[in-house]
Structure formats: C-alpha cells, structure tokens
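Chemist: Let the hints inform the model, and build the full structure from the sequences given.
The sequence shown lines up with residues 0 to 304 when you count with numbering that gives the first Met the number 0.
Don't read these hints as lab results, they were simulated from the structure. Computed from a predicted structure; not experimentally measured. Don't be surprised by glycine CBs; every beta carbon is placed ideally from N, CA and C. Hints may be right or wrong, so weigh each one.
Taking lysine-lysine and the DSS-like style, the derived pairs with C-alpha atoms no more than 25 Å apart in a straight line are [claimed, not checked]: (1) Lys266 - Lys237; (2) Lys286 - Lys266; (3) Lys76 - Lys87; (4) Lys266 - Lys192; (5) Lys284 - Lys294; (6) Lys294 - Lys198; (7) Lys269 - Lys163; (8) Lys119 - Lys86; (9) Lys214 - Lys247; (10) Lys126 - Lys91; (11) Lys210 - Lys167; (12) Lys91 - Lys127; (13) Lys237 - Lys153; (14) Lys234 - Lys223; (15) Lys266 - Lys303; (16) Lys235 - Lys198; (17) Lys269 - Lys235; (18) Lys291 - Lys266; (19) Lys100 - Lys86; (20) Lys284 - Lys192; (21) Lys188 - Lys153; (22) Lys91 - Lys40; (23) Lys163 - Lys247; (24) Lys91 - Lys76; (25) Lys66 - Lys237; (26) Lys163 - Lys188.
FRET-style restraints, in silico, Cβ to Cβ [said to hold, decoys possible]: (27) Lys126 - Leu267: 38 to 46 Å; (28) Lys266 - Ile78: 43 to 51 Å; (29) Leu293 - Glu82: 40 to 48 Å; (30) Phe159 - Glu272: 22 to 30 Å.
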Amino acid sequence: MLSRKSPTINNYNTYKNNNPDETSKLEAGLYITSTPIGNLKDFTIRGIETLHHVDIIACEDTRRSRKLLNFYNIKNKLISFHEHNEKKVLPKLISILLNGKSIALISDSGTPLINDPGFKLVSECLKKEIPVNPIPGACSIITALSVSGMPTNKFFFLGFFPTKLNEKKRLISLINTIECSIVFFETPKRLIKTLSFFKNFLPDRDISVCKELTKLHQKIYIDKISNILSYDELKKPKGEYVLILGPKPNDDLDIRDVDTMLFEALKLMKVSEAVAQVSILTGAKKKNLYDKALKLKKIAKDKKN
0 MLSRKSPTIN NYNTYKNNNP DETSKLEAGL YITSTPIGNL KDFTIRGIET LHHVDIIACE
60 DTRRSRKLLN FYNIKNKLIS FHEHNEKKVL PKLISILLNG KSIALISDSG TPLINDPGFK
120 LVSECLKKEI PVNPIPGACS IITALSVSGM PTNKFFFLGF FPTKLNEKKR LISLINTIEC
180 SIVFFETPKR LIKTLSFFKN FLPDRDISVC KELTKLHQKI YIDKISNILS YDELKKPKGE
240 YVLILGPKPN DDLDIRDVDT MLFEALKLMK VSEAVAQVSI LTGAKKKNLY DKALKLKKIA
300 KDKKN
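Modeler: Written out as structure tokens, the structure reads:
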C-alpha cells in the first residue's frame with residue numbers, strides 16, 4: 000500500500016515551508032505536466048507544486064486523475080479533455096488562457112502528448128503566443144528502454160501496433176528498414192496476436208515485453224521473438240504493455256525461416272502479396288519465392304483433401 004508519508008510528500012512539504020514565496024508563484028500559461036506511470040510516489044516536487052497552484056487542470060479521465068490529486072491533497076478544478084471532446088473543449092481552454100489564467104495539462108499517466116491528445120492545444124497556444132511550459136517527469140517509453148537491454152542511442156516509437164491487416168503489412172515492411180530499437184504500446188487483449196504476428200512475419204530478433212512498469216505486478220520479459228510466447232504469464236495478459244524490438248539481425252536467414260514466413264503470409268494474403276512481402280523482409284528473389292509459394296499452396300490443399 001502507498002503511504003501518504005512518502006519521501007516525495009515530505010520533501011515537498013519541507014520545500015514549501017522553507018520557500019513559501021517560491022511555491023505560490025505561477026505565471027499564466029499552459030503547463031505540460033508529467034505524472035507517474037504507475038507508482039504515485041514517482042511524482043516530482045515541481046509537478047506537485049504545479050498542480051497545486053494552477054487555476055485549472057485539464058486531464059483525460061477525471062476519475063483516474065482524481066486518485067493522484069487525492070494522494071497529494073490537491074484540490075484544484077479538473078476539466079475533462081480528450082480526443083472525443085477536443086473540438087468542443089479546446090476553444091474554452093484557449094479562452095481561459097487568454098484571460099491570464101494558468102492550466103496544467105496531464106494525461107492518465109506519464110508525459111502528456113505521447114500517444115495522447117493535446118498537441119492541437121499546444122499548437123494553438125504557440126500560434127496565439129500563450130506561454131507553454133514543460134514540467135518533465137516519468138515516461139513509459141524511456142522507462143521501458145532503460146531496462147530492456149536494447150540499444151538506446153537511437154530508437155523509433157510507433158505507438159500502438161495497428162489492428163487492420165493492410166496497416167500491419169505496411170508497418171512490417173517499414174520495421175524491416177529500421178536499424179535501431181523500435182517501441183510499441185499494446186493492450187492486453189491484443190498482445191498475443193501482435194507477438195504472434197511478429198513471430199510469423201519478422202526475422203527472429205530480440206524483444207522486450209514490459210508489463211505494468213513501476214506497479215505492483217511489474218514484469219519484464221526479454222527473449223527472442225521466436226521464444227517470447229513460451230512464457231506462461233504472457234498467455235493470459237493483464238495490464239499495460241510496452242514492447243521493444245531490438246535492431247534487425249545482420250546474419251542471413253535460415254531457409255526454414257523464409258519458408259515459415261512465406262507459409263504464414265499465404266494464410267493472410269494472395270500469392271503475389273505474400274511473395275512481395277517476404278521478398279521485402281528477407282531479400283529473397285521473387286521468382287524463387289513465387290515457385291516456393293505455389294508448392295506450399297499445393298501442399299496445404301493436398302492436406303485438406
């Protein structure tokens with residue numbers, strides 16, 4: 000259980016008592032405020048101070064944000080601001096800011112605008128010369144990278160893995176051209192399907208699956224794509240996940256890997272599409288793949304008969 004007698008709260012109270020003038024000063028403008036990604040004790044003193052002293056807090060889900068505010072005894076007004084009401088609420092927030100008020104923008108967890116709504120608000124503020132201030136803190140992407148064992152000197156963040164087949168195919172083609180670590184978010188309902196898709200359509204490579212980072216049931220799995228689904232805990236996924244693919248392997252593919260990828264592609268695509276996809280992923284010649292695909296189709300048909 001989290002205790003209100005946490006070091007963060009004690010440090011903030013000490014700082015506030017020793018610097019009463021400093022903690023009450025807050026200029027008008029928008030404050031992009033990072034919040035904890037799981038453990039409420041990970042909030043920064045500056046983040047707490049900001050939420051205490053802004054006029055309004057704009058958040059995605061008032062119920063989720065209220066838990067954080069209650070933990071730190073923050074009583075400020077909350078306004079719901081998310082992708083479904085953005086068009087309606089954004090003008091109201093701009094009007095409030097133009098009247099000299101201060102607003103903190105927070106997400107359900109972590110750093111706002113990272114796969115969250117809000118960039119239009121920031122863009123509009125900048126156009127109208129309204130000050131926009133960063134209040135940095137936790138970010139699940141950086142947190143996951145730091146414990147993944149994958150190269151961190153450069154990386155791609157691609158949001159949630161798509162659900163539509165055509166988008167998946169396009170993204171798989173892109174992934175094969177990226178020579179650095181790649182970060183995704185994924186939901187528990189789609190985790191197994193996504194990991195299976197990686198296994199069937201990507202050359203084998205390192206992968207890190209980070210579950211519920213900083214929370215009570217945090218788990219971090221690091222393995223090859225070909226083996227990641229062997230963990231029993233991942234067969235009944237719960238919670239929030241960050242997936243990190245390591246850089247694509249430089250070694251040549253085993254011919255069996257090519258056959259497997261082609262076989263799986265044929266389950267979802269026409270022969271010509273499967274051949275083109277596997278050719279992009281493996282570098283194999285389309286003529287050879289086409290002949291192989293026809294043989295695999297015939298074998299599959301004979302098995303059915």
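Chemist: Each of the hints needs a verdict: does it hold here or not?
Modeler: Hint-by-hint comparison with the structure:
Using a Cα cut-off of 25 Å, the hinted pair Lys266 and Lys237 is violated, with the two alpha carbons roughly 28 Å apart. Between Lys286 and Lys266, the direct Cα distance comes to roughly 20 Å. Compliance with the 25 Å bound is thereby established for this hinted pair. With a CA separation close to 18 Å, the supplied pair Lys76 and Lys87 stays within the 25 Å bound. A distance of roughly 15 Å separates the Cα atoms of Lys266 and Lys192; the hinted pair therefore holds under the 25 Å criterion.
Between the alpha carbons of Lys284 and Lys294 the distance comes to roughly 16 Å, so the proposed pair stays at or under 25 Å and holds. Between Lys294 and Lys198 the alpha-carbon distance is near 22 Å, which keeps this suggested pair within the 25 Å criterion. Between Lys269 and Lys163 the CA atoms are separated by roughly 16 Å; this keeps the pair inside 25 Å, and the hint holds. With a C-alpha separation of about 10 Å, the suggested pairing of Lys119 with Lys86 holds against the 25 Å cut-off.
Between Lys214 and Lys247, the direct Cα distance comes to roughly 30 Å. Violation of the 25 Å bound is thereby established for this hinted pair. Pair hint Lys126 plus Lys91 holds up; C-alpha atoms about 16 Å apart against a cutoff of 25 Å. A threshold of 25 Å between alpha carbons decides the hint, and for Lys210 with Lys167 the separation of about 23 Å falls inside it, so the pair holds. Annotation: proposed proximity of Lys91 to Lys127 holds, straight-line Cα distance about 14 Å (limit 25 Å).
Of the pairs offered as hints, the one joining Lys237 and Lys153 is violated, with about 29 Å between alpha carbons and a cut-off of 25 Å exceeded. For a cut-off of 25 Å, the pair hint linking Lys234 to Lys223 stands: about 16 Å separates their Cα positions. For the given pair, Lys266 sits about 14 Å from Lys303 by alpha-carbon distance, which is consistent with the 25 Å threshold. Restraint check: the Cα-Cα separation between Lys235 and Lys198 comes to about 18 Å, which is no more than 25 Å; the hinted pair holds.
Restraint check for Lys269 and Lys235: not satisfied, since their Cα atoms lie roughly 32 Å apart, outside the 25 Å limit. With a CA separation close to 14 Å, the supplied pair Lys291 and Lys266 stays within the 25 Å bound. For the proposed pair Lys100 and Lys86, the alpha carbon gap of about 20 Å is at most 25 Å, so the pair holds. As the CA atoms of Lys284 and Lys192 are separated by approximately 29 Å, the hinted pair breaks the 25 Å bound.
Taken as a hint, the Lys188 and Lys153 pair is broken in the structure, with Cα atoms around 29 Å apart against an allowance of 25 Å. Only pairs whose Cα atoms come within 25 Å are accepted, and Lys91 paired with Lys40 is rejected, the gap being roughly 32 Å. Taken as a hint, the Lys163 and Lys247 pair is honoured in the structure, with Cα atoms around 23 Å apart against an allowance of 25 Å. Using a Cα cut-off of 25 Å, the hinted pair Lys91 and Lys76 holds, with the two alpha carbons roughly 14 Å apart.
Distance hint between Lys66 and Lys237 is fulfilled; the C-alpha atoms sit about 21 Å from each other, no more than 25 Å. In summary, the hint linking Lys163 to Lys188 is supported, as the alpha carbons are separated by about 15 Å, within the 25 Å threshold. Remark: the range hint 38 to 46 Å for Lys126 to Leu267 is upheld by a beta-carbon distance near 44 Å. Lys266 and Ile78 have their C-beta atoms about 48 Å apart, which keeps the hinted 43 to 51 Å range intact.
A beta carbon spacing of about 46 Å between Leu293 and Glu82 agrees with the range 40 to 48 Å that was offered as a hint. Between Phe159 and Glu272 the beta carbons are some 24 Å apart, a value that agrees with the proposed interval 22 to 30 Å.
Hint compliance for this structure: hints 1, 9, 13, 17, 20, 21, 22 are broken, all remaining hints hold.
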